[in-house]
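Now for the letters of each chain:
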Amino acid sequence: MSFPWAEHYTPKHPLMKWVDDRLPLPRFVYNAVGAGYPVPRNLNYFWNFGVLSGAALIVQIITGIILAMHYAASSGVAFESVEHIMRDVNGGWLLRYAHSNGASFFFIVVYIHIFRGLFYSSYKAPREMVWLLGVVIFLLMMATAFMGYVLPWGQMSYWGAQVITGLFSAIPLVGEPIHTWLLGGFAPGNAALNRFFSLHYLLPFVIAAVIILHIWALHIPGSSNPTGVEVKGPQDTVPFHPYYTAKDGFGLGVFLVLYCAVLFFAPNWLGHPDNYIPANPMATPAHIVPEWYFWPFYAILRAFTFDFFFVPAKLLGVFAMFASILLLFVLPWLDTSPVRSGSYRPLFKKFFWLLVVDVLILGYCGGAPAAEPFVMISQIAAAYYFAHFLIILPIVSRIERPLPLPNSITESVLGHEPAGVAAKPAIAAE
Amino acid sequence: MVTVEHSDTAVPAVEGEGVRRRDFINIAAVSFAGVGVVATLPTLINQMNPSADVLAQATTEVDLSSIKPGQAIKAVFRSQPLFVRQLTPKEIEEADAVPVSSLRDPQSLEERTQPGKKQWLVTMGVCTHLGCVPLGTGEGENRGEFGGYFCPCHGSTYDTAARIRKGPAPKNLAVPAYKFTSDTAILVG
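If you read the protein sequences in the order shown, they are chains A and B. With the working numbering as the guide, the letters of the first sequence map in order to residues 1 to 430. With the working numbering as the guide, the letters of the second sequence map in order to residues 1 to 189.
Calculated from the structure, these hints are not laboratory results. Take these hints with a grain of salt, some might be off.
[As the list claims (entries may be wrong)] If the Cβ cut is set under 8 angstroms, some of the chain A residues that face chain B in the computed set are: (1) Gly166; (2) Phe186; (3) Pro278; (4) Pro281; (5) Met282; (6) Thr284; (7) Ala286; (8) Lys314; (9) Gly317; (10) Ala320; (11) Gly367; (12) Ala370; (13) Phe374.
[Said to hold, decoys possible] Here are the simulated EDC-like cross-link-like pairs (lysine to aspartate or glutamate), alpha carbons at most 16 angstroms apart as the crow flies: (14) B:Lys74 to B:Glu141; (15) B:Lys117 to B:Asp183; (16) B:Lys171 to A:Glu176; (17) B:Lys74 to B:Asp53; (18) B:Lys166 to A:Glu372; (19) B:Lys179 to B:Asp23; (20) B:Lys166 to A:Glu176; (21) B:Lys171 to A:Glu372; (22) B:Lys171 to B:Glu94; (23) B:Lys166 to B:Glu139; (24) B:Lys179 to B:Glu111.
[Stated by the list, open to error] From the derived model, a few chain A residues whose C-beta atoms are all more than 10 angstroms from chain B: (25) Leu167; (26) Ile171; (27) Trp181; (28) Pro226; (29) Leu258; (30) Ile288; (31) Tyr293; (32) Trp333; (33) Ile361; (34) Val375; (35) Arg401.
Heads up, the beta-carbon is just placed ideally off N, CA and C, and yes, glycines get one too.
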């Protein structure tokens, strides 16, 4: 894997040598996230967010396993069992708030991770598979988060389940049977709650498995970097450990400070008060909204209020919402520019920031009531979202004149080519 | 295959091209295993469908005697809300005034009610968009600009015959099968 100058694992302790001969797991870890993995020397702090996403997943799995010890997945008692966790279980309030806010922070770091990939075109050859697996992880995360939000069986849980499973009833002919099949009934009930709990427990481990594939695929070509220029020699890289374990460790500290600030001082800030009302199938809350991390996609769903020829508005909205994510699967083939980094693409850079603003506008509209002017703004913003990927990006790739690239990573760091090619970077000024 | 060499000597193959016995055994074994896997699927898939206790929910009887003209009530049918509403003469007039062909889901009020009982509008209280419960049964609730029902989730607006007039919902509120057991009671389901 990776570069020929990667450092080799040599077990020092006889016990480690004994283990290495029989099961080379320490060697595997050393080569994956240790000194055996050479990484470009010029990574900036945006490269922290992959590790931060992994850390967030670990927080979710640990708190989730504990919550499952106290939670009861039955529609009659689920709401009470969550209140039991909040009031009676020792430290239960902290664990549940850590889990619910952990989901939000997981999405925050993953969204930054995704936009990092978009700006630096991390999806381009030879890293397409890394990107595709990343989109798979994102879809799994969304499914997991949605099902987790149903478990407390509050009003938003119930009506969120109703609306999201209702998406499938938009499919012509087989939609209604599929809807009933997914729920195990005609409306969300005990059957739906139980299967959501089962899958909510399963999917994080599936995510962990796909993350292993994601990192495996990344380590074949090695990490990209802010210049987008490929590694040319040993002078361009530093070992992952201790250089990036230290840098990621610092980032993790900042992440945990922000996470704890929300967790301890505003634990309900990102939630919705209606979910503290027990589920009531007879009354819809005045304003149903999903969790904030789904708002941009919810806005696209709601943007379709008109039929298009014979296709009903409902089906169009559902199709557009899924398409907005599935579109990311073909992104590596839509952006044909040979230059990776947005830093050297003046036109692309402008449109990148427009896309960021567009997604933020969609997010705002998705959280707003289904009324004007938000419907019209969502329609324009949704149209722009698709236009960015399907029209603007391919055209920009063709007409843009990129800025001159540095000859190497080292040149971009030092401002000149290194004196001797064999010179190891050691503690080069970064 | 690792045993090719062995099979070539142990099993006299037909000279030249053609299917050998080992190929046949191979295909037969894999096919049989495949049939076995497929045979497990119906059970694995069908367990997700509504269970017997969910399906066994009885029909619902609704007493109409307490519903005054202009009022609506919410009942429960198959654990979903059911709207029963007595229309006022003005509401019936409004519903009849709309040309049926101009509607998204063309249906007249007659087709949506029972003969001679045009004032009794019985529909599911489930928005045909994504399944929220529309507003408009309770006193003072928003009935939308067409005076029927208004779904707060995505703004679908229904008229006094519970027909979709505006917003993303594709269909009118569904009318379940029901019959009058007396002048003041219906049996739904």
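Given Gly317 (chain A) was flagged as interface, is its beta-carbon under 8 angstroms from a beta-carbon of chain B?
holds, 6 angstroms
Tell me if Gly367 (chain A) is really an interface residue toward chain B, meaning its C-beta lies closer than 8 angstroms to one of theirs.
This interface hint is violated because 13 angstroms lies over the 8 angstroms limit.
Beyond 10 angstroms from each Cβ of chain B, as asserted for Ile171 (chain A):
At about 12 angstroms from chain B, Ile171 (chain A) clears the 10 angstroms cut-off, so the statement holds.
Against chain B, run the beta carbon of Lys314 (chain A) and see if the smallest gap drops under 8 angstroms.
holds, 5 angstroms
Minimum Cβ distance from Pro278 (chain A) to chain B below 8 angstroms?
violated, 15 angstroms
Hinted pair Lys166 (chain B) and Glu372 (chain A), Cα distance within 16 angstroms:
Since the Cα atoms of Lys166 (chain B) and Glu372 (chain A) sit roughly 13 angstroms apart, the hinted pair holds (cutoff 16 angstroms).
Does Ala286 (chain A) meet its interface restraint, that is, does its C-beta lie within less than 8 angstroms of any C-beta in chain B?
Hint on Ala286 (chain A): holds, closest Cβ of chain B at ~5 angstroms, below 8 angstroms.
With a cut-off of 8 angstroms on the beta carbons, see whether Ala320 (chain A) makes it to chain B.
Constraint on Ala320 (chain A) not satisfied, violated at 12 angstroms.
Holds or violated: is there a CB of chain B closer than 8 angstroms to the CB of Phe374 (chain A)?
violated, 10 angstroms
Given the hinted pair Lys166 (chain B) and Glu176 (chain A), is their Cα-Cα distance within 16 angstroms?
violated, 22 angstroms
So is Val375 (chain A) really clear of chain B, every C-beta pair being over 10 angstroms apart?
violated, 7 angstroms
Verdict on Leu167 (chain A) as a residue remote from chain B, using beta-carbon distances over 10 angstroms:
violated, 7 angstroms
The structure shown violates the earlier hints numbered 3, 10, 11, 13, 17, 19, 20, 21, 22, 23, 25, 27, 30 and 34.
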